[in-house]
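*Asks:* What follows is the residue order along each chain.
Number of protein chains: 2
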Amino acid sequence: MSQRAGIVKDWISDSIDNDDLALVKQLQTNILPKRSIQASQDQILITIGTQNSLYLLARLLGDKETRLAVEEPGYPDVRNIFSSHGAIIVPINVDCQGIEINDKLKSCDYVYVTPGHQVPTNVTMPMQRRQALLHAAEKYDFVIIEDDYESEINVLSQASPSLKSLDTNGRVIYIGSLSKSLSPGLRLGYMVADTPLIDAARALRRLMYRHPPANNQRTCALFISLGYYDAYLRKLRKCYQQRWTTMRQALMNHLPQCITTATVGGSAFWLKLPNHTDCEQFTAVARDIGVLVEPGTIHFSRFQKDHRRYIRLGYSAIDSDKIELGIKKLAQLLKDKAQPDICTNKYD
Amino acid sequence: MSQRAGIVKDWISDSIDNDDLALVKQLQTNILPKRSIQASQDQILITIGTQNSLYLLARLLGDKETRLAVEEPGYPDVRNIFSSHGAIIVPINVDCQGIEINDKLKSCDYVYVTPGHQVPTNVTMPMQRRQALLHAAEKYDFVIIEDDYESEINVLSQASPSLKSLDTNGRVIYIGSLSKSLSPGLRLGYMVADTPLIDAARALRRLMYRHPPANNQRTCALFISLGYYDAYLRKLRKCYQQRWTTMRQALMNHLPQCITTATVGGSAFWLKLPNHTDCEQFTAVARDIGVLVEPGTIHFSRFQKDHRRYIRLGYSAIDSDKIELGIKKLAQLLKDKAQPDICTNKYD
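Sequence lines, in order, name chains A and B. Numbered by my numbering, the letters in the first sequence go through residues 1 to 348 in order. Numbered by my numbering, the letters in the second sequence go through residues 1 to 348 in order.
None of these hints come from the bench; they were simulated from the model. Be aware that a few hints might be false.
Where chains are identical, the list cannot tell them apart; a pair therefore holds if satisfied intra-copy or between any two copies.
[Stated by the list, open to error] Straight-line C-alpha distance at most 20 Å; calculated PhoX-like pairs for lysine-lysine:
| no. | residue 1 | residue 2 |
| --- | --- | --- |
| 1 | LYS9 | LYS180 |
| 2 | LYS64 | LYS106 |
| 3 | LYS235 | LYS9 |
Build out the structure end to end from the sequences listed, making use of the hints.
*Replies:* Here's what the structure looks like:
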């Protein structure tokens with residue numbers, strides 16, 4: 001059989017509950033070592049992206065007794081997924097170092113965090129906070145779900161070590177994604193945890209959809225093993241670095257009053273609009289002048305009037321030379337006191 | 001932008017909860033019309049295969065109050081998926097026309113059937129039984145889940161119309177698959193139902209994994225729209241026809257006593273071994289002489305000693321000229337009274 005026919009034969013069949021071993025090998029030898037993670041084959045499960053990893057975990061771990069701590073503000077779908085299975089959501093405030101370590105964690109069974117770049121604030125958890133979180137996990141007996149979101153997109157610093165790599169007590173479930181960096185449309189992610197949990201997740205995945213499409217698994221394995229993935233990441237980083245730096249400078253020049261906290265990377269900026277400004281209305285008016293921003297309200301689990309003041313600005317799909325003009329336009333909108341639509345007292 | 005870049009741009013992004021409209025269009029204009037089904041865009045959801053369609057339905061419809069009728073013998077995973085969500089499984093016997101229409105259906109909310117080629121017996125439900133089942137659905141107020149398994153693989157007759165196409169009362173949820181005919185490794189299926197159910201399944205799918213990989217959706221859409229799918233199906237049918245006919249003749253020549261019922265197509269045959277023969281032990285001994293068969297026990301929901309006598313023989317991956325030899329070997333095994341391993345009284 002030719003090599004080509006051999007490769008096709010590897011992915012056309014129903015793999016039942018198996019992963020493509022070529023992709024597992026690339027995770028073990030290329031992707032996970034970048035995050036200082038060593039894992040055996042039976043500690044890895046390939047999924048249809050981070051969303052799906054979280055769904056599998058919620059179905060296995062989230063029931064009416066389960067208390068899940070989440071970041072506030074944080075990723076809305078982790079709240080939706082776990083609460084749809086009956087889990088109790090415990091929001092914990094985020095400061096400039098990520099999730100706060102406080103007494104609320106005492107009562108929690110699981111703590112979901114995005115330490116690489118926190119969703120949505122983009123702050124990176126420093127080493128000290130990572131150690132403190134791992135220490136708290138041991139002290140309060142909880143398990144950390146580490147969503148290693150955009151850890152590869154760093155501009156001002158190297159990526160921090162993953163919590164999983166720092167964990168010596170088996171208290172971290174690690175979730176990573178290939179689709180975020182490569183292409184969100186591909187829907188490929190993975191989970192690293194102790195074998196009994198991976199076994200249970202694999203059995204559940206078999207019932208849910210058997211396995212992620214085998215052709216995509218094999219294509220990604222080849223893409224990584226032939227060196228294209230690393231080359232692509234370098235290109236992506238260079239591009240993101242330029243856009244991130246441009247947007248940061250533009251924000252410092254035109255909207256310094258809106259900057260919330262210093263970040264070192266990530267694909268977006270989290271801004272706080274001036275008092276009396278409503279993000280939903282601001283978003284609508286900005287759209288009318290050709291600037292797309294994302295209102296931040298959805299990232300908060302509880303309604304407080306102050307939460308209506310946040311927006312998130314992504315840059316990954318905008319050419320560098322268009323960034324400053326957009327920020328200037330937003331600054332002009334805020335300056336223009338004749339814009340009654342964006343300034344309202346209705347939440348005060 | 002070039003046409004090529006345009007196509008890539010269509011699938012690299014996160015589609016959130018959307019399907020690829022090019023694939024939806026191919027389902028509407030090519031795939032579903034073959035089953036006489038007309039459906040609007042909002043009555044169609046693309047899934048990661050039939051298994052996933054069933055999982056979505058079980059999560060939406062299956063709880064502790066729900067009674068689901070299933071075929072006995074039948075597809076084991078439909079029992080596993082629905083019972084894992086708390087549904088009560090009601091097994092209904094299958095005869096030579098498919099699921100029996102009897103009083104047990106009265107108490108059921110949903111009835112899962114594989115009328116194209118029943119899993120595992122391969123019998124095709126004739127028109128009269130289809131009409132009777134639809135009539136019972138109206139009379140007893142249940143909804144039919146039609147898994148149109150292998151309806152395209154017919155040898156002695158044309159495919160019967162789908163239940164969905166015969167239904168005038170909105171009582172059929174239709175499940176189809178592209179991965180079965182094209183490649184099980186691809187994991188692509190679809191569901192056709194009334195808009196409110198599709199909306200709910202789409203919202204659940206968004207939480208579960210957002211959407212099936214967009215590149216595979218688009219690739220399949222192109223494959224179908226450019227005529228390759230129909231050409232491939234013709235080739236597949238020709239190949240299956242030859243193998244099916246060869247195996248049927250070999251069974252009539254060498255194992256006539258094991259034939260259970262007449263079938264008109266499907267990718268397998270369902271045999272009943274002689275009295276005192278245990279299918280698990282028979283499978284092991286057959287494997288030792290190079291013939292792979294599938295024990296049938298798993299398809300029964302309840303244990304009865306007689307259920308240990310069934311095996312399923314697939315042919316789709318075996319060259320025609322190897323089929324008769326394999327059947328001869330199986331016949332020889334059964335004749336060989338010196339094989340104590342396959343003849344046991346322990347279940348009698």
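*Asks:* Hints the structure violates: just list their numbers, smallest first.
*Replies:* none
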